[in-house]
Structure formats: structure tokens, C-alpha cells
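Colleague: Residue numbers -43 to -1, 1 to 78, in mature numbering (1 follows the signal peptide of the UniProt record, and there is no 0), belong to the letters of the sequence shown in order.
Check each hint, because a few of them may be wrong.
[As the list claims (entries may be wrong)] Taking lysine-lysine and the PhoX-like style, the derived pairs with C-alpha atoms no more than 20 Å apart in a straight line are:
| id | residue 1 | residue 2 |
| --- | --- | --- |
| 1 | 28 | 74 |
| 2 | 25 | 43 |
| 3 | 43 | 74 |
| 4 | 68 | 27 |
| 5 | 74 | 25 |
| 6 | 38 | 68 |
| 7 | 74 | 27 |
| 8 | 28 | 68 |
| 9 | 43 | 28 |
| 10 | 43 | 68 |
Read the hints as simulated data drawn from the structure, not as lab findings. Keep in mind it's a predicted model, so treat the numbers as computed, not measured.
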Amino acid sequence: MTTTGTPPGGAAAARALSRARTAPLTLLAALGALLLAAAPAPAAALAAPSDVSTRGTAPACVTRDVIKQKKTVTIRNGCGKAMHLKLVIDNGPDGQCWTYQNGEAYVWTWKSGSYGKVVTC
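Model the full assembly from the supplied sequences, consistent with the hints where possible.
Modeller: In C-alpha cells form, the structure reads like this:
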């Protein structure tokens, strides 16, 4: 059987009953919002575009010819624009940041460590 109208106690009791019914939903909504606020943001949202392009591995248009036995690498810029590049040596001293004009190449040698990668800088 369904009844309509105000419950015993009048309008104030009706408002209190309505709040009592929606309180668990409000609490759940607040908890959900809190969990969303505390969740870590995706890494892509945190990284600034300039960080990715200036400190990552050099693009494929930069060629690397590595001769591990001679500890030598030739780095050539074929990107169509000037690039700032740096040689990273694993377990050894890294090279400095150099500006390579389009088509320019340099040969680098090192004494200790091994070739790691070429990065933009």
C-alpha cells in the first residue's frame, strides 16, 4: 500500500526525512570527489611539452653510427633544422651539448664507459 502526503510531524519532519534519505548519496558523492581529487594525474598531463622535446632521446632524423670496439660514434643531423644534441656515455662522462646544423656531423670518441644514447638538450 502506498501513501502520499506529509508524514506525522508536519513539513519539518518531511524535510528531515528527505535529508535522511539523501544523506548517504551526498556522502558517497563527496567520497567520490575526494577520491578523484587524490588520484594521480596521467604522466602525459604532468609533463610540459617543452620538457619532452628538449630532454628526450634525439629523433630518428639524427643518425648515430656506433663502433663499440673503437669507442667511436658519428652523429649526423638530418632533421632539416639546427638541433642541440648531447652524447650520453653509460658509466662514463657525457659529452657537452652541441649545436648541429642541418647536414652537419661530428665524430666522437671516449675512453671509459660505453655508448648510451644521443639526447636533445
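Colleague: Does the structure keep residue 28 and residue 68 at a Cα separation of 20 Å or less?
Modeller: Given pair residue 28, residue 68 holds - Cα atoms ~7 Å apart, limit 20 Å.
Colleague: Does the alpha-carbon distance linking residue 43 and residue 74 stay inside the 20 Å limit?
Modeller: This hinted pair holds, its Cα atoms lying about 9 Å apart.
Colleague: With a cut-off of 20 Å on the C-alpha distance, tell me whether residue 68 and residue 27 pass.
Modeller: holds, 9 Å
Colleague: Do the alpha carbons of residue 28 and residue 74 lie within 20 Å of each other, as the hint requires?
Modeller: holds, 13 Å
Colleague: Tell me if the straight-line CA distance from residue 43 to residue 28 falls inside 20 Å.
Modeller: OK: residue 43 and residue 28 at ~16 Å, within 20 Å.
Colleague: Between residue 38 and residue 68, does the CA-CA distance stay at or below 20 Å?
Modeller: Status violated; Cα separation ~31 Å.
Colleague: Compare the distance between the alpha carbons of residue 74 and residue 27 with 20 Å, and conclude whether the hinted pair is satisfied.
Modeller: holds, 16 Å
Colleague: Within 20 Å, alpha carbon to alpha carbon, are residue 74 and residue 25?
Modeller: Status holds; Cα separation ~12 Å.
Colleague: Hey, residue 43 versus residue 68, does the alpha-carbon distance stay inside 20 Å?
Modeller: holds, 17 Å
Colleague: Regarding the pair residue 25 and residue 43, is the alpha-carbon distance no greater than 20 Å?
Modeller: Holds: residue 25 and residue 43 sit about 18 Å apart, inside 20 Å.
Violation of the numbered hints given earlier is confined to hint 6; every other hint is satisfied by the structure.
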